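Build out the structure end to end from the sequences listed, making use of the hints.
Which chain is which? The protein sequence lines are A and B, in order. In terms of my numbering, the first sequence opens at residue 1 and continues consecutively. In terms of my numbering, the second sequence opens at residue 1001 and continues consecutively.
Certain hints may be false.
Pairwise CB distance ranges, derived in the manner of DEER restraints [claimed, not checked]:
| hint | chain 1 | residue 1 | chain 2 | residue 2 | range |
| --- | --- | --- | --- | --- | --- |
| 1 | A | F236 | B | T1132 | 26 to 34 angstroms |
| 2 | B | D1136 | A | F236 | 26 to 34 angstroms |
| 3 | A | Y343 | B | N1022 | 47 to 55 angstroms |
| 4 | B | R1375 | A | G186 | 37 to 45 angstroms |
| 5 | A | I137 | B | M1089 | 47 to 55 angstroms |
| 6 | A | N329 | B | M1089 | 53 to 61 angstroms |
| 7 | A | R131 | B | M1089 | 42 to 50 angstroms |
| 8 | B | E1443 | A | F236 | 41 to 49 angstroms |
Computed list of lysine-lysine pairs in BS3-like fashion (alpha-carbon distance at most 30 angstroms, straight line) [what the hints assert, rightly or not]:
| hint | chain 1 | residue 1 | chain 2 | residue 2 |
| --- | --- | --- | --- | --- |
| 9 | B | K1062 | B | K1200 |
| 10 | A | K246 | B | K1329 |
| 11 | B | K1218 | A | K347 |
Covered by chain A, according to a simulated footprint, are these stretches of chain B (three or more residues, beta-carbon under 8 angstroms) [to be verified]:
| hint | segment |
| --- | --- |
| 12 | 1259-1269 |
| 13 | 1338-1350 |
| 14 | 1371-1381 |
No lab work stands behind these hints, which were simulated from the structure alone. If you're wondering where the values come from, they're calculated on a predicted model, not measured in any experiment. Every residue, glycine too, gets a C-beta built ideally from N, C-alpha and C.
Here's the letter readout for the chains.
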Amino acid sequence: MRKFLFSLSAPVGAFVLTLVISSIALWAFGSNPFAAYGDMLGHASKLETQVDILNRATPLYISAVAAAIGFRMNLFNIGVEGQYLFAFLIAAQVGSLVSLPAVLHIPLIMIVAMATGAFYAGIAGVLKVTRGVNEVISTIMLNSIAVAGLIAWLQQRWQAEQEEFTSTTLGTNPIDESGLIPHINGIVEIFTREIGQGKELTGVLLVAICVGVAYHLLLTRMRFGFDLRASGLNPFAARAGGVPPKRMIVAAMVLSGAVAGLIGLVELSEKGKFPPNAIQGLGFAGIAVALLGRNHPGGMVFSALLFAFLDVSAGILQNTEAATKEIVNIMQGIVLLAAVVAYGISKRFQEREEARETAEALRAEQGVMA
Amino acid sequence: MAPAIELTGITKRFPGVVANDNINLTVEKGEIHAICGENGAGKSTLMKILYGMQPPDEGTMKVHGDVVEFGSPTDAIDRGIGMVHQHFMLADQLTVLENVILGAEPTAAGGVIKFSEAEAHLARVAEDYGLTIDPDDMVETLEVGERQRVEIIKVLYRGAEILILDEPTAVLVPQEVEALFENMRELKEGGATIIFIDHKLDEVLEISDSITVLRHGKTVASMPNDGVTAHDLAELMVGSELPTPETAESTVTERVGLDISAVTVVDDDRRPVIENISLRIHEGEILGIAGVEGNGQSELVDAIIGTAAVTAGSISLQGLDITNLSVRKRREAGIGYVPEDRHHEGLMLDAPLWENAALGHQTQAPYGSRWLMNRSGMRSQTETIKDEFDVRTPNIDVSAHALSGGNQQKLIIGRELTADPSLLIAAHPTRGIDVGAQAAVWEQIRDARAAGLATLLISADLDELIGLSDSIVVMLRGRLVARLQPDEVTPRDLGAYMTGAATQETAEVH
Ligand SMILES: Nc1ncnc2c1ncn2[C@@H]1O[C@H](COP(=O)(O)OP(=O)(O)OP(=O)(O)O)[C@@H](O)[C@H]1O
Ligand SMILES: [Mg+2]
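In structure tokens:
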């Protein structure tokens, strides 16, 4: 119990620290912090907003897991961004070309998405082991190539094949209903009232949960996960312990990319195609979420929800004019910094506390002996 | 005159252990003071406190009679205290001079480093204390003994008059130890005070003026070095007799365990680092390799475990050709490995002991299999290692960095021996282990040998090498230059072969 409370001390500390600094920032911008928080919380207490938060947290969480797989072995896959967008486009296009029953159509789209992400991330892995190219540099370049080059070019090509296109038919061809992961309002409504305003809770949430569980099992139960962590903790000891360093780099990149490929499923299922203005930035946001959640499967659930809450709050702050919506980005930055500080303090505190307990136990023991 | 150092009632607690328990220590000015004690007795902790790396929980420290409180090593350096850690902290890619002045650069206006001034200062320090070193040498080209000298000069350069040396002789061969002791005597002549930690009792007796013995974090004795014997010291430290490594009757069999034939390994510049090496180790045999560090021993080890590519020749283990197998396949085939540097290749310092125990054996029972890890197997096996190899730790969930140096070493030996290897590569297996535990480790290696283990033993401790080995080969500049019988050779002879002063007509090594 004590241990559990201790493990909570850091996140709680970070939270308090964030509130304090954010309040100062809000106040400095000339807004009333309490009014702003009130608006944010009031908004978030609505069922429909909660659906929005979960819809946003889902891709953030998947993206965080993708980044965390690399981080666990000190590989900085900055390329989640390019990997998911490219995978999204290819999966959408392939999905639109076939008509299949849902049990085949959905898995096909998912597999194509994962394979594309894996392939694209794998390039960086192979470059690193064969040419010694730093993965940060290669993935940044691969991001530009994907976003500015490949996606723009392919999209244009595939659009040209459409008979006629208007603004509504921009993007890839629509995918049949059978290829889209259905919303899960039904499941939620068992416990709550009906979800209004036409909001739909993405079914990809279930995929994200599976990804989180799989990531947890990978780290704690699977040999590959052990090798992955060993490589991150001490690459030389890992190598002497039989972990092939090059193969691990490629494998970790490929796995990271495969998970990244799933990020786009949320938007794909919602829009039924790769839209011309697909949501960008989820890859970079995922890195922040992974950092805040310390690459931990459970920790990243909280950080994804927190980031999603802040993102969704941007709108309401804008509407009520309680504060500028940029404040949420500032708050996301503050929470990251606060977490780093709080974790450091809590670790020291914890060690001191344990030492004190030991001393007491020993003193008691000696008292008995004397 | 006030003593150089006076520590009173120093207490330091870590989770689950009291590392220093009300320790008193007085070191007179101008003396060489040895600190002895079993693994985990609290020696390094006490020194880190004195050097300002860790604050004590209780107690006071006086330097030259003044009460001091150190917030960081910088404060200690300002008070004239310097420390050379057991693991050197030099930058390989810099010259000796650059390493020495790093962090204490004399700068002119505008931040330009005044190299000539630094060099003059360095020359003066070296001259004063009789330490010879070329300031323009690259550190990566230096031998261990020379690196250590650079560390010492680095400390003196900052004006230290009180030197702390944590297990300085652990990495040195006897000739280098002699040179170090010579330097220490000169430093003493020059007025310096030296505190040093050592597990080798004869060395302690040879060089020190006073000796303090720690046990379970407490001072058990502090005395001048006259009339003290190694026997007394061992008794005080661990309460047992002084062990000597002596091989019982030969258990060497006819079956070949490891067969290395004409192996050559080249470095990045395609120069051979080991050349045309052939040797055989039979089951039940311990083959010792003698040599000054840097003469190809680590490359030979790398070639056997598979972290270095073999350019020519072949290696087989119990008849299985392993020349081109991956490290993992080789380890699964039964190669156990005790690396020379436990922090570099041995441990994941930030992982708990029970994960460290699995490293290198994660694909095998009881730790795991091809796909899955077995957590309860990992934990129970670690408990076994902890008990059988006497790894002193509050529990197996602490991370490896919380263990004392010697206990880290015991964990590694335990992990390799309990995996029941057919070949054990042991580089300095008892480095940093106290006399009591050393005897236990030798016993365990001998037991495994009796059960058919082939062992490749590399050790800077020539008594260990002679005492344990069934036969000894000498490596010099990447070649085998002599083959000797341990019962006919003395450490002195061995030293002569190692430096090339003595040679054998033919090093017939089969
Ligand atoms: N950072 C740490 N965290 C937790 N426990 C520690 C830490 N450092 C040392 N200890 C514990 O304190 C005790 C004393 O350790 P210390 O390193 O001082 O021993 P030592 O006398 O230097 O032993 P050795 O001869 O093996 O180097 C050990 O039980 C060790 O486990
Ligand atoms: Mg120590």
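Hint by hint, here is what the structure shows:
| no. | hint | result |
| --- | --- | --- |
| 1 | A/F236 x B/T1132: 26 to 34 angstroms | holds (33 angstroms) |
| 2 | B/D1136 x A/F236: 26 to 34 angstroms | holds (30 angstroms) |
| 3 | A/Y343 x B/N1022: 47 to 55 angstroms | violated (33 angstroms) |
| 4 | B/R1375 x A/G186: 37 to 45 angstroms | holds (38 angstroms) |
| 5 | A/I137 x B/M1089: 47 to 55 angstroms | violated (30 angstroms) |
| 6 | A/N329 x B/M1089: 53 to 61 angstroms | violated (41 angstroms) |
| 7 | A/R131 x B/M1089: 42 to 50 angstroms | violated (32 angstroms) |
| 8 | B/E1443 x A/F236: 41 to 49 angstroms | violated (30 angstroms) |
| 9 | B/K1062 x B/K1200 | holds (29 angstroms) |
| 10 | A/K246 x B/K1329 | holds (16 angstroms) |
| 11 | B/K1218 x A/K347 | holds (28 angstroms) |
| 12 | 1259-1269 | violated (count 0) |
| 13 | 1338-1350 | holds (count 8) |
| 14 | 1371-1381 | holds (count 4) |
The earlier numbered hints that this structure contradicts are 3, 5, 6, 7, 8, 12.
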